[in-house]
Structure formats: C-alpha cells, structure tokens
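Visitor: Those sequence lines, one after another, are chains A and B.
All residue numbers for the first sequence refer to the working numbering, where the first residue is 5 and numbers rise by one.
All residue numbers for the second sequence refer to the working numbering, where the first residue is -7 and numbers rise by one.
Check each hint, because a few of them may be wrong.
[What the hints assert, rightly or not] Pairs of lysine to any residue, SDA-like flavour, derived with a Cα cap of 25 Å:
id	chain 1	residue 1	chain 2	residue 2
1	B	Lys41	B	Glu56
2	B	Lys41	A	Asn32
3	B	Lys102	A	Asn66
4	B	Lys102	A	Asp60
5	B	Lys41	B	Pro110
6	A	Lys13	B	Ser78
7	B	Lys102	A	Thr90
8	A	Lys13	A	Gln112
9	B	Lys50	A	Gln100
10	B	Lys105	A	Met45
11	A	Lys18	A	Thr58
12	B	Lys109	B	Gly45
The set of hints was computed from the structure by calculation and includes no laboratory data.
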Amino acid sequence: NAGVTQTPKFQVLKTGQSMTLQCAQDMNHNSMYWYRQDPGMGLRLIYYSASEGTTDKGEVPNGYNVSRLNKREFSLRLESAAPSQTSVYFCASSVQNERGDTEAFFGQGTRLTVV
Amino acid sequence: AQSVAQPEDQVNVAEGNPLTVKCTYSVSGNPYLFWYVQYPNRGLQFLLKYITGDNLVKGSYGFEAEFNKSQTSFHLKKPSALVSDSALYFCAVRDRRNYGGSQGNLIFGKGTKLSVKP
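Hey, can you work out the whole structure from these sequences and the hints?
Guide: Next comes the structure, spelled out in structure tokens:
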C-alpha cells in the first residue's frame, strides 16, 4: 500500500533555480494539499486542490505554483527558489465529502535546502 | 479566523506515567478536531478525530482525546506512556461552517514534542 508518494526526498537548490516537487496518491482521494513545515511554525498550507482541475491558494502561496495533473497527481513548482523556501514540504490527500470530516494522509516529505 | 494553540513546546514524561498534550482551538462555527503524530524524518500519521457525539474519542496506539466545548480544548491523553510514544504531536482543526476551498482546510498547531524517558 503506497498511500501518498513524494519525490524527491531531498533536494539542494541554488537561489534562482527552479524545480518541481512531485506527489501521487493511490487512494482515489478527491482532495490534495501541499504544506510546508518550519521549526516552531507547525504546518502551513501552501495550495489545495479539492478535485481534478481545481486549485486554491492556502496561507502561504507566494513563490509557488501547482498543477493538479489528474486525480492521482498534484505537483508543486518553485519557479525561482529563494533561501526563505528552505523547508520540509509535505503532500497530503483526503476524501472530500460535504461534511469535511475526513482525515488527511501524508507523504514522507521532501527536505529542500536553497543556498 | 480559525486557529489552534498548543501551549507547550515540549512535554516530558516518565515511562508508565500518564501523559497529556494540550490543545485549544478557535473557530467561528463548530469544529472538527484531529490529532496527528510525526516520528523523526517521517510524515504525519493520523491518530484520532472528533466529529460529533461522545466527547471522549479513542484512537490509535492507546491514545484518547477529550473534547471540551466550553473550554474550547481537545487535549490528547494516554494512561501509560511508552518510550516509543516519543514524537512530535500536532493538533488540527477544521471549521465545519467554512468547509470548502482553503478556508475549510486543516489548520495545524505548532506541535508539541513529547519525550518519554525510561
């Protein structure tokens, strides 16, 4: 049971470089999320996709773009990386229902360092 | 606006003793409340959730949490701590009334590091 799979697990970028973080889930979930985790800050939502073809900004979207390629895949792109984007990035997915009472399942994370 | 507070950065407990990790929340409407655990270099794992009904919720690995509406709290508890419970614990809330779009997504606390000593 793969669940939520993120690639890569680690990445070092130079300031100004671009990259795409990949995320795929095999649980047939409608909703997918990208969070960043920073020490003392908890998890902060970057972008959210309620279903294929839709995306919404979260709390900290600046400097990022996303693509919901299909129901399984939700990628996060950094067009021009900055040191402030050094963080651990988590992808998550959940069933979407009208009540909103479902828990999210998380990937293993991508540790990104921008130098 | 929704918010979650975990007032303790770290909780230290001796193995075999009861543990409590505190969480308070603020939402406009009624909340859905969640607890997650994160082991080192791993993603978050779901422990338990409160949706409605009984205020005492039981979850994985012997953990439970008590929803207290008057105190807007959802503290995580375990009667007897294990060394293997040492991890980072996150409380999260979703406002039922604002569900949909980014406003209806999970808001996480900053996390509490639980350390259980033998």
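Visitor: Work down the list of hints and note, for each, if the structure agrees.
Guide: Against the structure, the hints come out as follows:
1. Lys41/B - Glu56/B: Holds, at roughly 9 Å.
2. Lys41/B - Asn32/A: Cα-Cα ~21 Å, so holds.
3. Lys102/B - Asn66/A: holds (21 Å)
4. Lys102/B - Asp60/A: It holds: about 23 Å lies between the C-alpha atoms, which stays within 25 Å.
5. Lys41/B - Pro110/B: Judged against 25 Å, a Cα distance of about 29 Å means the pair is violated.
6. Lys13/A - Ser78/B: holds (23 Å)
7. Lys102/B - Thr90/A: Status holds; Cα separation ~18 Å.
8. Lys13/A - Gln112/A: holds (8 Å)
9. Lys50/B - Gln100/A: holds (23 Å)
10. Lys105/B - Met45/A: Given that 25 Å is the threshold and the Cα spacing comes to 13 Å, the pair holds.
11. Lys18/A - Thr58/A: violated (31 Å)
12. Lys109/B - Gly45/B: violated (35 Å)
Hint compliance for this structure: hints 5, 11, 12 are not met, and every other hint is.
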